[in-house]
Amino acid sequence: MLLIAIIVTILQFEATLEPPRPKIGFIILGDITQPGWNASQYQGISEACRDVGIELLVRDKVQENSGQCPAAIQELVAQGCGMIFLCSYAYSAEARGIVEKMPHIAFATNSAEVHTRNMTAYFVRMYQGRYLAGALAGMRTKSNVIGYVAAIPNTEVNRGINAFTLGVQATNPAAKVVVAWTGAWEAPEKETANAKRLINEAGADVLTYHQDDQAVPDTAEAAGVYFIGYNTTLRGYSERNLASVLCRWDVYYRDILQRFLKGELNSVKNHWLGIDRGVVFLTDFSPAVTPHMRSRIAELREQLVHNKLIFSGQIHDNKGTLRCAAGEAISDDTLLEKIDWQVEGVKILE
Amino acid sequence: MSSDQAYHLKKIILQIVNLISILLLVGMLAHNKVAKVLNTSMEHHVTRQAMVFSIMAEERFDRELASLRLAAEYLEPYGTQERKKFFQIRAKALRGGISIGLMNLDGSSIYGEALSERDFPRLPMAYRGVSVVDYCPYKGLVFVVPIYNGGNVSSITYRLYDDALLVDHFGFAEYNEDYRLLIQDRSGKIIIPYKNFGAADRLFFNEQNIRNGYEHIREKLTFSRAAAVYADGAEGRFFLFSADLPRTNCSLVGYVPWEVVAGGISRIHNLLLRVGFLVLLLFGVVSVTLLVMQKKAVEGEQLILEKELAEKANRTKSLFLANMSHEIRTPINTILGMNEMILREGKHPSILAYAHNIQHAGTLLLSLINDVLDFSRIENGKLEIVTAHYRLSRMLNDILLVVRPRAEKKGLALHIAVDETIPDTLQGDAVRVQQIMVNLLTNAIKYTQTGHVDMHVSHEKNEGNIAWLRFTVSDTGIGIRQEDMKRLFSSFERLDLENTRTIEGTGLGLAITRDLVTRMGGAISVESTYGQGSTFTVHLPQEVVDAATIGSLDAIMQAASHDMVGYTGVSFTAPDARILVVDDNEMNLLVITSLLKDTHIQVDTCQSGQEALERLTINRYDAVLLDQMMPKMDGVETLHRATQLPNATETPFIVFTADVTAGTRERLLKEGFSEYLGKPVKPQQLEKVLAALLPSEKIRPAPNMPQPAAPASSAAPGMTELEALAELNEELGLSFSGGQHDLYAKLAQAFCNLHASKKQQIAEAFTQQDWKTYGVHVHALKSSSLSIGGQRCSAAAKALEAAANCCLAETSSHEERQEALAYIRQQHATVLRLYDDLVVLLNSKFTMPV
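Chains as they are written, first to last, in numbering that gives the first Met the number 0: chain R, 0 to 349; chain C, 0 to 849.
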């Protein structure tokens, strides 16, 4: 018996040198079971954690600007999280103080406007997908009016609108993009109303949107208007659902977690992955998308994969200001932080 | 026994071998584990080291980028042509192998060579505003930085290092000599080798074990920036490591000899190994010792067990011996008792001779049995010392009584010298003191064929009221060999067997003697010359009760003389007295009845306590002799019941028992008995006890005995009575001298020589009316004259002594004193005349000059 005990003791000795399994925390605004942004984020990160071998602790339904976020951060750190994802736009501004007090914890935020040494802005180059979606919309429209229901004119939304518009112009220079603001990420009634106005007042025959819910596709489907989905694989729609801009969040999260484990996130301001890494793509084409359209889109995609810069060459905004001269390219930093304009060809539905 | 030992040895060796192999197994396991753990921790160490190297490499790259960025920032406000001009100036200052350039976003060159995206795939990242480090085989290592125009990137600038410069500029040789560091690109091509990198190093990296090690590292690098593994290479043990350079498409690779990392740790490892070995050795030795000790302990336990068994068996035997001895005494008592009757009543000379022989053999048997009994008591620790008052003179008297006949029988001279100043009345165990002296004396007599046995009694010193008595017994016997001395006091030892074969005894005498002496707090010693004789000396502390001294030897001798003549007949008669004798043994009843026949006492007998009680209810007895050991109702119980009876309230009860163990007498007297008699009952003792206890009015002197001097009465011996006694009884005198005519003559001469001075002393005391001194001198005259056979003189002196004592006694009334005084005055002259006559007679007899 004693002999067995001795041998077991010797054999178990190794375990003491093994580092403990790392943990990360994930804080999100909505319910992680809710389809759209919340579910896609949660599924992405949980899959990535499973692959990489990290334990995931989740705090969902955490309200912005309510003090719930800093409290959740403290809880997660107390439970041993080495990295925390702040997965809603306003979290980083609210939690900035507590983030700076925890230099040993890596933070990641999807807002590029707040910077601290231990916080990395994490984004996908979704605008590349928007560019391809715009190219599809430009080819599909007959009225040359494309409707865009958007939440608020922040850098991310503007970047999407601009890339979409540049895509439209790449296939149909005559087409215009009409944007209707809702003022909120989740406002189904307003979204429905805006979509109806875009169809009925502006005469849009293709719609897209930047919202967390699916009020716009529902309205478009009901109105018999083409639409392009965003961020979620839409199901139960007709061929009017031309395609969707999707993001492989699991791929993105796997990459950033790998960098976290390798200790490469120190003082990394932005971590952007794009179409070249297969994180972003336009997919689920409906029969209404012709083979010609598809090959054109594939061509444009190839250019992007091979480092074609969307925001390069001469670009004016819709007020006539030159935003990028010929031979120049808008840098990533500017794209992330300072897009407060819409490109020429964008009309705002008042 | 030897096969048993061999079996034990085999078992022990097997156990030790088992133990050691288990320990070796555990040790090897632990050793492997320790080595593994050490390697793991060293891998961690090397990993951290690799990380540090990678950070240093990155910093070096960062320095390059920072200087480029500075230039880019400087160039920001300028247009394309000014930028180009700046580069033209700058390029002149560059060393060979380093080239710089300025490029448009479309990949066209403004200054210098246009770099291809195919050669440097990371180049377009610069268009997005990111600083880039990239490598292209044969082209070299490039650092690219964007030049901004507001928030937009307007062109990029680069600095390209030729392959040939890389080792000098970015090699790690100076960081750590022991570490071999190189930088690879992602495809595994070595970009920056270490100095002196050659074919041997390529072989090293191509070795299968090493390649496997790096493969393992690549797996680890998925989730960590740096990794290290331990690998056994052809050239020894190594730690291989690798680390990412995240800013580039390169990684850092290297290896380090195991010894470099292990350094001090390996010494700890060796130390542990050695200590472990020593501990193993120690353990082995300790376990062998323990096993041997355990075996011995088991054997020791067995020995103790065997010893206990042996002791138990011995105790059982001793007990059996004691019981048997006790049982044997009873029939011997009967034999001796009946033999006593034969001696008294037997007429036929040959029958008497047979009876004498029986008496001799019986007494001897009894003494042997007593020895055995004493010895078994000593063995069982039951022998007790019981102290009581006794008179030394009386004891010496008794001793002589026993010893003298034996000496006489062997024709040995027995010389007794007694220090006159010894206190007479002492406290101690008289029975045992007497036993010691008798043992020594009888031994001396036993082992002496010719010559003499001397006894000297003295006392050495008084400490408080303790007198240290010294008895010295010396003989001219066979002596003791020097080598036998130490066995002298051992049990059952008979020394010098060829010379002592014919001598009777158990061999226990001296062992018992020594034990008794030791128990009394005394000491015994012996000096001996083989063939010439031995001297035994006993020192005994005895408590002094009375300062009165023992007096001269004569007095003792005289006191002994009564008994010396042996049993001559009953000392009194009491035809009116009636006694009851109770004993369950019919023979004993017969013995006692016979012994008392001549006293004419009316003796009733019965055989049980119950019967005795019935008798006592009916009759009134003057005394009752009660046996202690009786079935059903023992002596004590009978006594207790009897004293309740009206007829027996005043009756003295005498207990007699074969139990002569120490303390019995005291215990029985405490129970209420008036007197105690040991069995076998001695006739004199029996008579003495009865004489003391029977009502005095019923006692009459025996017809053949002189009336006991009655100092209180006027019945002083008249002349007629005196004249009836022989003036000189030579036979009696000779008997006192042990039948030796020489001695008798000497004693007589001494008696005559002392005549003048003694007579004068008596006369002086008489004229001074010092009756005390007078009594002492008259007493001495009584004793000394008797010892030479002057019976008449002695008797007269005795009467005077009694009268003198009466004068002095406090119990005497005034009339009695006057009467005694008158007697002295009347008889004083007569006694002196008798004294003179005796001296004259002796002088004529031995014709000695006065």
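Simulated from the structure, these hints should not be mistaken for lab results.
Virtual Cβ for every residue (Gly too), placed ideally from N, Cα, C.
Do not take every clue at face value.
Stated by the list, open to error - List time: in silico DSSO-like cross-link candidates among lysine-lysine, alpha-carbon distance up to 30 Å:
hint, chain 1, residue 1, chain 2, residue 2
1, C, Lys84, R, Lys268
2, C, Lys188, R, Lys261
3, C, Lys32, C, Lys9
4, C, Lys687, C, Lys758
5, C, Lys83, R, Lys307
As the list claims (entries may be wrong) - Ranges of calculated distance between the beta carbons of each label pair, as one might list FRET restraints:
hint, chain 1, residue 1, chain 2, residue 2, range
6, C, Val25, R, Pro102, 45 to 53 Å
7, C, Asn31, R, Pro102, 35 to 43 Å
8, R, Ala92, C, Leu270, 27 to 35 Å
9, C, Val285, R, Ile5, 13 to 21 Å
10, R, His114, C, Val25, 36 to 44 Å
11, C, Gly187, R, Glu112, 35 to 43 Å
12, R, Gly319, C, Asp161, 15 to 23 Å
13, C, Ala90, R, His114, 35 to 43 Å
14, C, Glu75, R, Lys346, 40 to 48 Å
15, R, Glu112, C, Glu75, 44 to 52 Å
16, R, Gly319, C, Glu75, 50 to 58 Å
17, C, Asn211, R, Ile151, 50 to 58 Å
18, R, Ile5, C, Ile15, 31 to 39 Å
Evaluated hints:
1. At most 30 Å may separate the alpha-carbon atoms for a hinted pair to count; Lys84 (chain C) and Lys268 (chain R) exceed this at roughly 34 Å.
2. Note on Lys188 (chain C) and Lys261 (chain R): the hinted pairing holds, with a Cα-Cα distance of about 23 Å set against a maximum of 30 Å.
3. With a CA separation close to 34 Å, the supplied pair Lys32 (chain C) and Lys9 (chain C) exceeds the 30 Å bound.
4. A hinted pair counts as satisfied when its Cα atoms are at most 30 Å apart, and Lys687 (chain C) with Lys758 (chain C) does not qualify at roughly 35 Å.
5. For the hint pairing Lys83 (chain C) with Lys307 (chain R), the CA-to-CA distance comes to about 25 Å; that is within 30 Å, so the pair holds.
6. Distance hint check for Val25 (chain C) and Pro102 (chain R): the Cβ-Cβ separation is about 47 Å, which falls inside the suggested range of 45 to 53 Å.
7. The given range of 35 to 43 Å is respected by Asn31 (chain C) and Pro102 (chain R), whose C-beta atoms sit roughly 41 Å from each other.
8. In this structure the hint that Ala92 (chain R) and Leu270 (chain C) lie 27 to 35 Å apart at CB is violated, the actual value being about 59 Å.
9. Range check, Val285 (chain C) to Ile5 (chain R): Cβ separation about 18 Å, and the 13 to 21 Å hint holds.
10. In this structure, His114 (chain R) and Val25 (chain C) break the distance hint of 36 to 44 Å, their C-beta atoms being roughly 58 Å apart.
11. At about 42 Å, the CB distance of Gly187 (chain C) to Glu112 (chain R) agrees with the hint of 35 to 43 Å.
12. At about 49 Å, the CB distance of Gly319 (chain R) to Asp161 (chain C) disagrees with the hint of 15 to 23 Å.
13. At roughly 37 Å, the beta-carbon separation of Ala90 (chain C) and His114 (chain R) lies within the given 35 to 43 Å, and the hint holds.
14. Separated by about 35 Å at the C-beta atoms, Glu75 (chain C) and Lys346 (chain R) break the suggested range of 40 to 48 Å.
15. Separation of Glu112 (chain R) from Glu75 (chain C) is about 24 Å and departs from the stated range, judged on CB atoms against 44 to 52 Å.
16. Between Gly319 (chain R) and Glu75 (chain C) the beta carbons are some 25 Å apart, a value that contradicts the proposed interval 50 to 58 Å.
17. Hint check: Asn211 (chain C) to Ile151 (chain R), Cβ distance near 56 Å, so the stated range 50 to 58 Å holds.
18. A hinted range of 31 to 39 Å is violated for the C-beta pair Ile5 (chain R) and Ile15 (chain C), which are about 19 Å apart.
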